[in-house]
Structure formats: structure tokens, C-alpha cells
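Trainee: Here's the letter readout for the chains.
2 protein chains.
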Amino acid sequence: MISKKMQNFIKRASWIRKMFEEGIRLKKKYGPDNVFDFSLGNPHMPPPDEFYEAVKREIKGGHGYTENAGLFETREIIASYLTKEHGIEFSPDEIILTCGAAGGLNVIFKALLNPEEEVIVPVPFFMEYAFYIDNHGGKIKTVKTKDNFNLDLKVINDNLNLSTKAIVINSPNNPTGQVYLEETLKELAMILESHRKKTKKIVYLILDEPYRKIVYDNIKLPSIFQIYSETIVVTSFSKDLSLAGERIGYLAIHPHCFHKAELIAACILANRILGFVNAPVLMQRVIKHMLEVSVDSKVYEKNRDLLCEGLSALGFSFILPKGAFYLFPKAPIADDISFVQALQKERILAVPGSGFGTPGYFRLAFCVKEDVIKKSMPYFEKVAYKFGLIS
Amino acid sequence: MISKKMQNFIKRASWIRKMFEEGIRLKKKYGPDNVFDFSLGNPHMPPPDEFYEAVKREIKGGHGYTENAGLFETREIIASYLTKEHGIEFSPDEIILTCGAAGGLNVIFKALLNPEEEVIVPVPFFMEYAFYIDNHGGKIKTVKTKDNFNLDLKVINDNLNLSTKAIVINSPNNPTGQVYLEETLKELAMILESHRKKTKKIVYLILDEPYRKIVYDNIKLPSIFQIYSETIVVTSFSKDLSLAGERIGYLAIHPHCFHKAELIAACILANRILGFVNAPVLMQRVIKHMLEVSVDSKVYEKNRDLLCEGLSALGFSFILPKGAFYLFPKAPIADDISFVQALQKERILAVPGSGFGTPGYFRLAFCVKEDVIKKSMPYFEKVAYKFGLIS
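Chains A and B are the protein sequences, given in the same order. With my numbering, letter number 164 in the first sequence gets 164, and the count goes up by one each step, no holes. With my numbering, letter number 156 in the second sequence gets 156, and the count goes up by one each step, no holes.
Misleading hints may appear alongside valid ones.
Because identical chains share one entry, a pair is satisfied inside a single copy or across any pair of copies.
[What the hints assert, rightly or not] Capping the alpha-carbon separation at 25 Å, the derived lysine to any residue pairs in SDA-like fashion look like this:
1. 28 with 93
2. 260 with 17
3. 144 with 195
4. 374 with 320
5. 60 with 32
6. 60 with 50
7. 369 with 65
8. 139 with 115
9. 28 with 383
10. 4 with 161
11. 11 with 65
12. 198 with 256
13. 5 with 161
14. 330 with 347
15. 18 with 261
16. 213 with 44
Derived from the structure by calculation, the hints contain no laboratory data.
Same shape as in the complex, but just chain A (with noise of 0.2 Å):
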């Protein structure tokens, strides 16, 4: 039989498998076009043309297997689009090509963590980081963030001890859409920088953040490689390509990091062990033409407002997003997961908050057509009338 994790794992999982049967059975009887669907962040729009001019260069390259760390040209292109942006030298070796963020995560974690040692991952979040710390024997550390969502400094430090391996942060965030500025990064380095001063302990920041070019209002992100130098960025062209299952990212190792050396060996070889072997070959090779383009985010910007506007003057409550393609209401009642069943009676389909490990909210992807969000309107103000929000 399967082992017992896996068990418990599949059947803790039972209700989302349900909620999804559910939209499946929802478009097969009212047909797609007729459900509004703003459950999964799978990105609508095509990869830029670009792509397509780089497949044709690209495609006779060669398909064999590349250094485990990937392709020695694209991962100096990558370096010097690295040192552009963060005004610090970043060299091919600090670069290791995986099979997008998640892989790249799995391999961060293969390659730091002891049995039981801790990550730090304020919630709300993405609930794979749990499976991605557990499968390599890590411990998953949640702490609350404040009510806009942004780090609470106070809890992280109350949090940090001699277990504490790393913490993850995710900015543009999913399932908020938070960002979090260059002071909060600013305040979480010193508290990291001072926790090793007494403990002699190093925190690695995390950063997931394949949301970097997604974000509005003109925002600008800050470098966290000018902030802290315990630093590994993951990142993938899932989402500012549109590539997402084509699963190509990287992971950036901060060039002044302390053992910078063994975190490279250990990452490498975690890519190789984990069964990636290395990042798909022609998306390799594509995404080095690539790294200045991404999809035009205007359009994710005006289906925010769009989705804002909307559901604001239905007196749903949400902070506005500033990056990503996420928006995290408040459910009108405290049980999430009641309230998205109301949304699928409406033809609905969103996220309950308990998926990211705070209940009373639900998600919402707008990475979707226009029309979806215009057309998801007058079912969403039924919903609000049934909740009480309007009258």
C-alpha cells in the first residue's frame, strides 16, 4: 500500500478534490463559457510573441541532458540581467536553472534542512510550501502577518530560535496581492542579522517572488540583494511568460553570501538527487532571449480594478492588490468553505481561505479573460444580496 503520509495527506486534501469535481461537473453542464472561474493561477493570456521567435531559433540547439545546474550561457545571461537590476555582481555560478519556482524550492530545502529543523512562513500562504518543507524533513513554521496582510516584524522575531532554518516570504503575494516595501525588508534583515549575532545561528531569506514584474500603480520592488545578503531568490517565467507548465525558473544565490560555495554544491546536486536532472533544455535555451519581456501586466491591472470595483460596491471587503493576480476577500461568514459552495451555486469557482491557512477569506485569480470578471457580476451581487452585503 501507499505509505501512511501519503494517506493522510489524500485524504485531508478530500474536500478541494471535491470543490474541483464540482467546477468540473458545474462546466459540463452549463458549458465552460458559462462558469466563471477564478480558481486557479494559470495565466489566460499567450506568452509574448518572443517566444515563439526564440522556439524557432533555439529549436535545433540540441535536447540532450546540460549541466545539472543548466545551461552555462543562459545562466550568465541571467547573471549580468541579475547584476542590472540589484547593482551587485552576480557571477554564472550563483545561478541554477529548475523546473520553476516549486522545483526550485524543493531544491532549497533538500539542500539546507536537517530533520526537524524550522521555516518560518507567514500566512496567509501558499499551501504547498508545507508539502515543499516536509518532504525534506523540515518543519513548517506559520505566523500571523498584520490585518493588511503585511509582515508582523514583532511575531517573526517571537518566532525565531536555534531550529530556525530559514523563512519564506512570498512578494507580490499569493493569495493577498501584498508587497512588502524596502523598510519591512529593511526591519526583517536587522532582526535576522541580530539573531545570528547571539546565536551564531543564520536564517536564510527566501524569497519567492515569480510574481517580481507583475505589480501596479507604477510600484516599484525593492532589491532584497541590496538588503540582506543570506539571501536565495526564487523565481520562474511561469507567470511574467505565461509559461507556467512549461517549468522553467531559477533560483539566485546571494553572491556574498557565507557559505556560498557549499550552498551552491548542495543546490546543484539537490536539482540532480530530486529527479529534476536539470531545467527543460529548449526552455533553457528560449528563456535567454527572454529575460527583459514579460506579458503586458496593464491587463492584469485592469482586471484588478475591474474585479475591485465590482466587488467593492457589493460591500465585499478586501485590501487592493499591488502586485500578482490575486484578490483575498473577506468571506461574509466565518466558514470559508460554506461560503465558496454559495459562490459554485452561482457558478462561482474561488479558493477558501482555508487553503492558504486563513480561514473567513477566499481567493480569487484574475489572471483571466475580461469577460469572465464582467460577465461574473450579476452572480456575484445575488451572492451578496443572499449575504447580506447589499439590500
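Since the structure of chain A is already known, use the hints to place chain B on it.
Mentor: Showing chain B alone in chain A's frame:
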């Protein structure tokens, strides 16, 4: 710092790294064409022409996440291919697309293994198995094979116990080129069946067969699905389509195995949470056109003959590979690492048998251009003189 386990792995692998670095140094010094690199299982042939046509057809098909198991249409085509090949009815649900066979093996071990459960692996073996099993908390139990590297069924039987969860066999075999015939697999199945009757414990047979289409002398491989129902086959398109770096493969779960639904659910979940999420999607689309296609294994057969005739005349002894593209000769001295270093002095790159759990041998990968083999012969001759194989 990095995890203690990874520190250890890196230290233990340092001799391999040194050997690899020496290879790079030699190529720089003499030029890559003047070094005879038999060290890597990286196919030298390009993919078949159908590959480029399939990419052209599928490139606009969409690049978002797929179901974690992979695209239904591709799994459907694989299912009918397997139905035809094995004479047993497969459904798309029994197929899971993976990030190569390495990804597939990690998925299976994650799905199956409770802490300390044992996986039997006959030696010599592809050393990565040890990492894959360890990744998911299992214990590898290596068992010896016969002099011709065929399975020693008595030894396997003696090593079964209440903690045995699976046995992994790789046929055609890396590094020996041996294949296991129907009679052997039937006897193995009987042993596992009788163990189940005695102990109520299922032992899964994991057949890693990426070289199934690369066989010589018109040999016909048996179908394990006809022989043992507690079977999971894992394979990839890395070798038979020369797509090693694209990371595309699949696993097929026997339609009649006992806990099929749980096993499928666990493998799909494992594929997701290990960070693969889904197999690279363009390749998922492409390979659905290529199930019946493969590179011309006659090219490798010619290489095999050339290498075997050459080395045989120089006094090396080995079994003739019946499939895959590796030769595993006995080293003329017990210390295979020293012997491989002696080969390096003549600009021949090989891998010591120690890297496959079998000191006293060395592996030559002949998935190289014919010319490499031809030009290497005078250098093998020098080594043969030096070690007294010829005089």
C-alpha cells in the same frame, strides 16, 4: 549551513567530481575532439525528424499548467499504445506523465515508502537510485547478481522481509547492457507472489525501462505487465527519442494491481508536491505524436559491435550488451578508480564500476559518434599493453 546529509553526499562524491574536472581539463588541453569521452549517457544523435514537425504543430497549443497527471489526450494515446504493446487494456488514468524517468522514480518512492521500508536493488546499478530512495526515507538493499549480471533469484528471495516494499529492476540495464528475459521475470514474479501469500505484504516491482526500444540482435523484450500485476513501469523519451534534457517520461501503473486507486492518487499528489507540478507541457503535446517513433538503434548496434570487437581483440573481457548503450568490462586490476585514471592519461574518459556499486569494472557509454570509437582504439591498445592484456 547546508544539511549534514548533503555535506556528506558532497564529500563522498568528491572523487567523481575530480574525475569529471580532469575530463574538462583534458578537453581544454587537447581539444574536445582529441578526448574520447565515454563517460556520459547523453545520446549524441539528434531527435528524429518527426520531433521538429510535432513541435511546429504543437507550439501554439498553450503553455499553462496541465492536470498534475498530464494532458488527458497524451495519456489516452499512451494508454492505447501500451494496450497494443502489452495486450492488456490500459486506461489514461493509469498513466502519469513525469519529468523524465528520474522524476517518475522519485514520484513512485514518495508515493510508496514509509520510513525505513526497504527497496531491493540488484548490483551493478544506476547509483542515483540510492539517492531517490533516500530522498523519501526508504532504505536501499543492494543484492548481488550472477556472473553475467543476470538476476540472482535466490539472493533476492533471501533478502525479502516484512519491511520490503519494492524491487527496482532496470532492463536493458545501465551499466551492464544485460536484459532480463521472460523466464527470469516469471520466476521473480512467483517469488514475490509467494512472499505475499506468506506475509500478506505486497512487494511492488518497479521496472525502469527507458532503453526498451534500444535493443540489439532483434531481441524481443518480454512484457512485465503480462507477468506480474503489482508492477509500475517507469520510462522516458530521453534515450529512444534523444530528448534527455527535455525531461519527459511517464509511469504506467498495472491496470490490475490491488490498491490501484490509492496508488494513482498518491503518485499524482507526489508529482505535484515534489515540485514537478506537471511534466513540461510542450513536450507532453509533442510526444503524443511520437509513441511509435524512435532513433535508429542500428546506429548504436554498430557502435556496440565496433567497440566490442576492438576491446575483445585487446584482451578486455565483458558480456555483450543486448540493449542500452553501455559496455561494462572487467578492469585488468582490482582498483577500478586507478584504472580509470590510467585511461584518462590516454585521454579516454570512463566511469569506474565503483560508481555502480561494483568495483573492479568500468563503464563505457557508446552513445557517441562512431569516429570517437574508431579513433580511441590505439589509445585503448596502449592501456592494454600497459596492463599486460596483450604483449
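Trainee: Confirm or reject each hint.
Mentor: Now the hints, each set against the structure:
| no. | hint | in the structure |
| --- | --- | --- |
| 1 | 28 with 93 | between (49 Å within a copy, 19 Å between copies) |
| 2 | 260 with 17 | between (41 Å within a copy, 18 Å between copies) |
| 3 | 144 with 195 | within (20 Å within a copy, 51 Å between copies) |
| 4 | 374 with 320 | within (18 Å within a copy, 68 Å between copies) |
| 5 | 60 with 32 | between (38 Å within a copy, 21 Å between copies) |
| 6 | 60 with 50 | both (17 Å within a copy, 13 Å between copies) |
| 7 | 369 with 65 | between (38 Å within a copy, 17 Å between copies) |
| 8 | 139 with 115 | both (8 Å within a copy, 17 Å between copies) |
| 9 | 28 with 383 | within (22 Å within a copy, 69 Å between copies) |
| 10 | 4 with 161 | between (30 Å within a copy, 19 Å between copies) |
| 11 | 11 with 65 | between (38 Å within a copy, 24 Å between copies) |
| 12 | 198 with 256 | within (21 Å within a copy, 59 Å between copies) |
| 13 | 5 with 161 | between (27 Å within a copy, 22 Å between copies) |
| 14 | 330 with 347 | within (19 Å within a copy, 68 Å between copies) |
| 15 | 18 with 261 | between (46 Å within a copy, 16 Å between copies) |
| 16 | 213 with 44 | within (16 Å within a copy, 38 Å between copies) |
Checked against the numbered hints given earlier, this structure breaks none of them.
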